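Participant: In order, the protein sequences belong to chains C and F.
Okay, so the first sequence: first residue is 13 according to the working numbering, each after it adds one.
Okay, so the second sequence: first residue is 106 according to the working numbering, each after it adds one.
Derived by calculation from the structure, the hints in this document are not laboratory data.
These numbers come from a predicted model, not from an experiment.
It is possible that part of the hints are untrue.
Unchecked claim - With a Cα cut of at most 20 Å, we get these calculated SDA-like pairs of lysine to any residue:
| id | chain 1 | residue 1 | chain 2 | residue 2 |
| --- | --- | --- | --- | --- |
| 1 | F | LYS308 | C | SER262 |
| 2 | F | LYS178 | F | PRO253 |
| 3 | F | LYS310 | C | GLU339 |
| 4 | F | LYS346 | C | GLU339 |
| 5 | C | LYS337 | F | LYS127 |
| 6 | F | LYS127 | C | GLU339 |
As the list claims (entries may be wrong) - To list a few chain C residues with every Cβ distance to chain F over 12 Å, as calculated:
| id | residue |
| --- | --- |
| 7 | LEU66 |
| 8 | ILE263 |
| 9 | PHE267 |
| 10 | SER272 |
Glycine included, every Cβ here is placed at the ideal spot set by N, Cα and C.
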Amino acid sequence: VMFVRSGFRALSARFARLASTTTGVSRLPFAVLQPKDVQVFSEILGPRGVLTSLDDLDAYNVDWLRLYKGNSAAVLRPTTTEQVSRVLRYCNDRNLPVVPQGGNTGLVGGSVPVFDEIVLSTSLMNRLLSFDASSGALTCQAGCILQNLDSYLEDRGHVMPLDLGAKGSCQIGGNVATNAGGIRLLRYGSLHGSVLGVEAVLADGTVIDSLSPLRKDNTGYDVKQLFIGSEGTLGVITAVSILTPPRPQSINVSFMGCDSFDKVISVYREARHALGEILSACEFMDAEAMRLVSTHLSLHNPLSDFPFYALVETSGSNPDHDQQKMELFLEHVLNSDIAGDGTVSGELSKVQALWCLRERITEALRIDGTVYKYDVSIPVDKLYELVEQMRVRTSGLAKSVTGYGHLGDGNLHLNLTSDGFDPGLKALIEPFVYEWTAQQKGSISAEHGLGQMKPDCIYYSKSVETVQLMHNIKELLDPNGILNPYKTLPRDRWTDQTL
Amino acid sequence: RIIAMAVRVLVGCKRVIDYAVKIRVKPDRTGVETQNVKHSMNPFDEIAIEEAIRLKEKKVAEEIVAVSCGPEKCQETLRTALAMGADRAVHVQVDQQQYESLQPLAVAKLLSKVVEKEKINLVVLGKQAIDDDCNQTGQMTAALLGWPQATFASKITLVDDKLEVVREIDGGLETIQVNMPAVVTADLRLNEPRYATLPNIMKAKKKPMEKLTPSDLGVDITPHYDVISVEDPPQREAGTKVDSVDDLVAKLKDKGVL
Chain C
13 VMFVRSGFRA LSARFARLAS TTTGVSRLPF AVLQPKDVQV FSEILGPRGV
63 LTSLDDLDAY NVDWLRLYKG NSAAVLRPTT TEQVSRVLRY CNDRNLPVVP
113 QGGNTGLVGG SVPVFDEIVL STSLMNRLLS FDASSGALTC QAGCILQNLD
163 SYLEDRGHVM PLDLGAKGSC QIGGNVATNA GGIRLLRYGS LHGSVLGVEA
213 VLADGTVIDS LSPLRKDNTG YDVKQLFIGS EGTLGVITAV SILTPPRPQS
263 INVSFMGCDS FDKVISVYRE ARHALGEILS ACEFMDAEAM RLVSTHLSLH
313 NPLSDFPFYA LVETSGSNPD HDQQKMELFL EHVLNSDIAG DGTVSGELSK
363 VQALWCLRER ITEALRIDGT VYKYDVSIPV DKLYELVEQM RVRTSGLAKS
413 VTGYGHLGDG NLHLNLTSDG FDPGLKALIE PFVYEWTAQQ KGSISAEHGL
463 GQMKPDCIYY SKSVETVQLM HNIKELLDPN GILNPYKTLP RDRWTDQTL
Chain F
106 RIIAMAVRVL VGCKRVIDYA VKIRVKPDRT GVETQNVKHS MNPFDEIAIE
156 EAIRLKEKKV AEEIVAVSCG PEKCQETLRT ALAMGADRAV HVQVDQQQYE
206 SLQPLAVAKL LSKVVEKEKI NLVVLGKQAI DDDCNQTGQM TAALLGWPQA
256 TFASKITLVD DKLEVVREID GGLETIQVNM PAVVTADLRL NEPRYATLPN
306 IMKAKKKPME KLTPSDLGVD ITPHYDVISV EDPPQREAGT KVDSVDDLVA
356 KLKDKGVL
């Protein structure tokens, strides 16, 4: 299919029609898995390395949100980089498409097959390779679960530089491949900064060893940056080297109730000002989100009812100093009527309980019904406007409309629910959400990525020329397009298969 | 008719290692690592305070005195109790070294003396501390005072100057009636403790905290037993995965289960 280059507006109008994802996607002419292929995989990976029975495959074919179901006939579970290399070389030669999969906790359907792509799971690649106690550099295989890595580091006085609700299941390779954000990005920055090295395997089996754990290395182009956030479309990440900061000695969490979103923004401004270098997280949630976690997970609101809640966390090396700063901050927000009420604690069990209120919203939403999940970056001042507009727009059709997210990063998680999938509701949401975001010059996917949900929406946030460059890179690294096809890059860029 | 008595409550608060913390046994096996480890109020004591506050909110209790025995850091725990709603705090100072061997009988003696001093007629304690799991202080305090005890309470009601307490026991629930003054120990389902909210946290700083020593109270806190060693429970062995039902049956037979 040929598209004439045209202005951004015209394109976005054209793609607005396609913004309802994965409708009308046809299978590209890849090869189909044959018994001889399974035989070859078994020889490379051993008997436990290949799963083909239907009972086993389900978990790998369906995403966490249960919105996307693929039809893979085989799941491959390598344990070494060398096995990944041999598998990919074979698949590339045979023109068999592959979906790299870690913890399968992604929220845009990027980790499950669209058709019958083979799932390449990193779950058995869970060895920790090294830890440098002086620099904090941790090197491990891609299949290590985030929470396990953090537990390992806890014993050694360090902490992972990212944290997200899926920590008990997500794997570091997947985190890096999706440039995962999370609740500590405010403090530790993005993975583009904290990842020191990446080892990845290209579609043709070439192993790119850029795994060095050095803090500074300006020798040529920084190729690891290509893989970070590439959503498995440029290579399969097999090992990661990451910079881990010292574990904070004291963590305090305050949870406040605010009467308006403007006051929530004031909380953030005051927090940055008063807490400065010890601020480690700033999140918000609305009354609806609180209602969802109370109803579905029996979590208790520590305060009385407010339209908005803000969570501010500090992490520092001196408990007394931090507590004092936190108390001054809280006295100020209370006395200036920025917060109507709040609670604060440095006790570990209470800190965890307060975080649950924010981290388990996603879980509560999934129990509530079919979830329509959006993740946008917009100027902080406008962060809640979109939620209000959606509420009005979908009134009567949506069961629940809620907004919450990483206040400090300008990242809104907008979620709607309904009982069973409702195309009418979906049509009211998309493309309005994307167009509105584009008008604010925001990002239609702040941290969740594009996956199979939003590839065609890329033009709302990126120019034609930029996407062309992405396409050129994809062609260079994966000319047959076997790595995670139908994802990330828009439809008009999917490689035309000619054999 | 019976005149409703003014109920003056004493609540015990122990500072223990936070239940969310991974416990580590000291290499010399004399105890667990407590240095630089996060502590918080014993969860059952939080439940006790919450119950006392609810009695006060129902205008049944007139005043709540929170007591803690131990070193300086206990004052943090007492501040939390005050922030939740206790009126006054009493810190019975015991230095760090003596604190390590402070045992329930000594604590019961200290609490009894404070009870007499403060003219308390209702003592509410957590049923046990999560560090030693002794489950003795409440019972011993009642015995020393010669008061009735209602332990493992999951519901407390004051009816005509008597306490009706629903107790959690092995067979289910038992409802008893005890005369006042009495000692009650709180079990898990008694209530869900509130979070201390900011205005109260601020107010708590101004509430009175009295400091006493065991000798002020005329109590000898010498320990009566020694802890010989503290060890980790045996490591769980890894399980084995089986590939088929036949395999499972064979393995169960090997282990002599079938």
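Participant: Next, verify each hint and record whether it holds.
Facilitator: Do the hints match the structure? See the list:
no. : hint                : result
1   : F/LYS308 - C/SER262 : violated, 24 Å
2   : F/LYS178 - F/PRO253 : violated, 32 Å
3   : F/LYS310 - C/GLU339 : holds, 12 Å
4   : F/LYS346 - C/GLU339 : violated, 52 Å
5   : C/LYS337 - F/LYS127 : violated, 28 Å
6   : F/LYS127 - C/GLU339 : violated, 28 Å
7   : LEU66               : holds, 16 Å
8   : ILE263              : violated, 9 Å
9   : PHE267              : violated, 8 Å
10  : SER272              : holds, 18 Å
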